[in-house]
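Listed below, chain by chain, are the residues.
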Amino acid sequence: MRDGIPIMLGYLAVSFSFGIMALKAGLTTFQAVLMSLLNLTSAGQFASLSVIAGLGGYAELALSQMIINLRYCLMSCSLSQKIDPQAPFFHRFLVAYGNTDEVFALSSAVKGPLSPFYSYGAILVAVAGWTAGTFLGAVAGSILPARVLSALGVALYAMFIAIIVPPSRESKVLRVLILAAMAVSTVFTFAPLLRDISGGIRVIILTVAVAAVAAWAAPVKEEMP
Amino acid sequence: MNVYLAILVMAAVTYLIRMLPLTLIRRTIKNQFLRSFLYYVPYATLSVMTFPAILSATASPWSGLAGFVTALVLSWKKKGLILVSVCACAVVFLMELAIA
Chain A
1 MRDGIPIMLG
11 YLAVSFSFGI
21 MALKAGLTTF
31 QAVLMSLLNL
41 TSAGQFASLS
51 VIAGLGGYAE
61 LALSQMIINL
71 RYCLMSCSLS
81 QKIDPQAPFF
91 HRFLVAYGNT
101 DEVFALSSAV
111 KGPLSPFYSY
121 GAILVAVAGW
131 TAGTFLGAVA
141 GSILPARVLS
151 ALGVALYAMF
161 IAIIVPPSRE
171 SKVLRVLILA
181 AMAVSTVFTF
191 APLLRDISGG
201 IRVIILTVAV
211 AAVAAWAAPV
221 KEEMP
Chain B
1 MNVYLAILVM
11 AAVTYLIRML
21 PLTLIRRTIK
31 NQFLRSFLYY
41 VPYATLSVMT
51 FPAILSATAS
61 PWSGLAGFVT
71 ALVLSWKKKG
81 LILVSVCACA
91 VVFLMELAIA
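Chains A and B, in that order, are what the protein sequence lines are. Take the first sequence: its letters are residues 1 to 225, numbered as in this note's numbering. Take the second sequence: its letters are residues 1 to 100, numbered as in this note's numbering.
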């Protein structure tokens, strides 16, 4: 749970702005909080607001969620290998609910097999932050000064960096992979044509491409940690 | 469009995406390429999501960059998650005070 605290801080900031936007899009406070509790997906929820406000259909909504959240599929594939094989099977159904970018990041940083109870701790703190932030944003959109909100915006990314960088000290492959991934991500974000690809799809394409090239060029020999 | 129904549709799609791989892949994957691929996925996806998005996460790209560099340096020194996050936030806050 302690590892989940940076997630909670970051989630508070992000979901706070989600709460504000959800009310602007015509949702009630209760609906906004319910959506946060059931979905627990930042990019997906932000995207859904434009579909709901724009009166798109359910099919459009489902499709957009599928594309934006397809990255979780990769993450769950990865977790399926990481989760403690001794743990009873039903845990997988519960762990799946909370497999967000950030919880996944923490889970993959665990040394050895992943205990479901580690996940539950992180998920609990994350869900608390995410729903509380949504509620606060919806109820009192202006209690935090913009400057504080802006500073909190960097918390999640700083946590990602704190997860990927330390193992890369010992591995040149990881150093190259991280730099290359950030470089192609930059190209895809700004280059003409490529920048028209939506954020969710960009993450999927680049993750698959980068990880596949790495797996081909530098297969992991030892047992996976 | 019923908002509650919309929320349920979203939740169902998102949960299935997360749940199916976790429950369908029960065995340890033997194929070396696949194992390596899955091992690299977190690093690739977190890198892609972090940069350049971090530059637009704050009020100014410069403060975002300052936060990015702070996090890089501290995590290279193997500081903990919380310390890295808090310091990056603090640097962004101070930087924006200085710019304004």
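Just so you know, these hints were derived from the structure itself, not from any lab. These figures come from a predicted structure and were not determined experimentally. Glycine included, C-beta positions come from ideal geometry on N, C-alpha and C. Do not take every clue at face value.
[Unchecked claim] Selected chain B positions facing chain A (in silico; Cβ < 8 Å): (1) 3; (2) 13; (3) 28; (4) 31; (5) 41; (6) 45; (7) 53; (8) 61; (9) 62; (10) 65; (11) 76; (12) 89; (13) 96; (14) 98.
[To be verified] A partial selection of chain B residues facing chain A, derived with a Cβ cut-off under 7 Å: (15) 2; (16) 18; (17) 22; (18) 30; (19) 42; (20) 43; (21) 52; (22) 55; (23) 57; (24) 93.
Verification of the hints:
About 5 Å separates the beta-carbon of residue 3(B) from the nearest beta-carbon of chain A, less than 8 Å, and the hint is met. Taken as an interface hint, residue 13(B) checks out: its beta carbon lies about 4 Å from the nearest beta carbon of chain A, inside 8 Å. Evaluation of the residue 28(B) hint against chain A yields a held restraint, the C-beta minimum of about 7 Å falling below 8 Å. Restraint check, residue 31(B) versus chain A: the minimum CB separation of about 10 Å is more than 8 Å; hint violated.
The beta carbon of residue 41(B) is positioned within 8 Å of a beta carbon in chain A (closest approach about 5 Å), and the interface hint is therefore held. Restraint check, residue 45(B) versus chain A: the minimum CB separation of about 4 Å is within 8 Å; hint holds. For residue 53(B), the shortest C-beta to C-beta distance to chain A is roughly 7 Å, which falls under 8 Å, so the interface hint holds. Of the supplied interface hints, the one on residue 61(B) is violated, with its beta-carbon coming no nearer than about 12 Å to a beta-carbon of chain A, more than 8 Å.
For the restraint placing residue 62(B) at the interface with chain A, the shortest Cβ-Cβ distance is roughly 12 Å, beyond the 8 Å limit, so the hint is violated. Below 8 Å, beta-carbon pairs count as interface contacts, and residue 65(B) has none with chain A, the closest being about 10 Å; its hint is therefore violated. The closest approach between the C-beta of residue 76(B) and any C-beta of chain A is roughly 6 Å, which is under the 8 Å cut-off, so the hint is satisfied. Residue-level restraint check for residue 89(B) holds (minimum Cβ-Cβ distance to chain A is 5 Å; threshold 8 Å).
A hinted interface residue such as residue 96(B) counts as satisfied when its beta carbon comes closer than 8 Å to some beta carbon of chain A; here the least separation is about 6 Å, so the hint holds. At about 12 Å, the closest approach between the beta carbon of residue 98(B) and any beta carbon in chain A exceeds 8 Å, and the interface hint on this residue is violated. Taking 7 Å as the C-beta contact cut-off toward chain A, the hint placing residue 2(B) at the interface is violated, the least distance being around 9 Å. Because the closest C-beta pair between residue 18(B) and chain A is about 4 Å apart, less than 7 Å, the hint holds.
The closest approach between the C-beta of residue 22(B) and any C-beta of chain A is roughly 5 Å, which is under the 7 Å cut-off, so the hint is satisfied. Violation of the interface hint for residue 30(B) is found here, the shortest Cβ-Cβ separation to chain A being roughly 11 Å, above the 7 Å cut-off. A hinted interface residue such as residue 42(B) counts as satisfied when its beta carbon comes closer than 7 Å to some beta carbon of chain A; here the least separation is about 4 Å, so the hint holds. Taken as an interface hint, residue 43(B) checks out: its beta carbon lies about 5 Å from the nearest beta carbon of chain A, inside 7 Å.
Because the beta carbon of residue 52(B) sits about 5 Å from the nearest beta carbon in chain A, less than 7 Å, this interface hint is met. Violation of the interface hint for residue 55(B) is found here, the shortest Cβ-Cβ separation to chain A being roughly 9 Å, above the 7 Å cut-off. Here the hint on residue 57(B) is kept, as its CB sits about 4 Å from the closest CB of chain A, short of 7 Å. A distance limit of 7 Å between C-beta atoms decides the matter here; for residue 93(B) the minimum to chain A is near 4 Å, and the interface restraint holds.
The earlier numbered hints that this structure contradicts are 4, 8, 9, 10, 14, 15, 18, 22.
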